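As given, the protein sequences belong to chains E and V, one line each in that order. Sequential numbering from 1 applies to the first sequence in my numbering. Sequential numbering from 1001 applies to the second sequence in my numbering.
In case anyone wonders, no lab produced these hints; they're calculated from the structure. Check the hints yourself; a few may be wrong.
[As the list claims (entries may be wrong)] Reference listing, derived: stretches of chain E covered by chain V, where coverage requires no fewer than 3 residues with Cβ under 8 Å from a Cβ of chain V: (1) 67-73; (2) 76-83; (3) 93-106; (4) 110-124.
All values reported here derive from a predicted model rather than from experimental measurement. Ideal Cβ placement from N, Cα and C applies to all residues, glycine included.
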Amino acid sequence: MIPQTYGWYPASQPTRHVAVMVGRAAPLEATFMIGSQGVLPLDQLPAADLKLRRPLVVHVAWSPETGAYVATAEREDLWFGLGSSPQRALADLAEILVMVYQELASDPASLARPLQRQFAALQQLIIPCPSK
Amino acid sequence: MPVKVVALDKMLCGKLAAEVSEGGKHTQYVVRHEGQRVAITFLSRSYAEIDDSLASRIARQLNVSRRQLQFLIECPMSREDYIAHVLGD
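Using the sequences and the hints, build the whole thing.
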C-alpha cells in the first residue's frame, strides 16, 4: 500500500471540525469528535459518544488489493477503517474506535493483559461524553 | 497475499469460538477464555478480501504475528496454542 496525498479534508466543509492529514505530509492540527454515526459536524457535537483528548493524525491510503481506502490513526495503528472514499474510511475508523472503546469499557475487570494495554492506550486518546 | 474475509470469519467463529456481534457495517469478534476477554477484532461486511497490510493489522489486534494468523487460518495453530501464546505474552 503506497500512501498518496489527497490534501486536507474537508477544507471545503468548514462546519466540520475535522481535518485529516492524508499521505505523508504535515501532521494534523485539528481535533475532531467521533460518534456512533461517524464523524460529526460541529452542530451535532453534543450527540457525540466520545471525544478525543488530543489531535489525532489519520492517514488515508488506497489499497488496490482490497479496493478500498484505508484510514489509520497514526498513533493508534492497531485500528483502521475502510471505505470507498477517504471520507468513508475516516467515518469507518471513527465507528471502529467507538465500538472498541465501548466494548473495552463495558467491563474493564474482565480484560486480559493485551486488552488492558489496548484499553489504557485508548483511554489516553478518548474521553467518554458524560451524557453517554 | 490477500486474505479472504470468509476464511477469517470461519477461523474466528470456529477455531477461536469468538463471540460475534453486528455493528453498523462491521462484525465484531470477541475472543474469551475462562471469563476473560482476550482479543477483539472487526471485519467489514463490505469487502470480500483484505490485503496483507490489513491482515497484519488484524493479526496485531489478535496479538499474533502475520505468520501466526496464517497458521490460525490454515489450521497448524490451535485455539489452545493461541490462548497460551496470548496469555503467556
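Hint check:
Coverage of the region 67-73 of chain E by chain V holds in this model, with 4 residues showing a Cβ closer than 8 Å to a Cβ of that chain against a need of three. By the rule of at least three residues with a Cβ nearer than 8 Å to a Cβ of chain V, the coverage given for the region 76-83 of chain E holds, with 5 such residues. Residue count for the region 93-106 of chain E with a Cβ under 8 Å from a Cβ of chain V: 6. That meets the three needed, and the coverage hint holds. Three residues within the 8 Å Cβ limit are the bar, and the region 110-124 of chain E against chain V gives 7, so the coverage statement holds.
Consistency note: the structure conflicts with none of the earlier hints.
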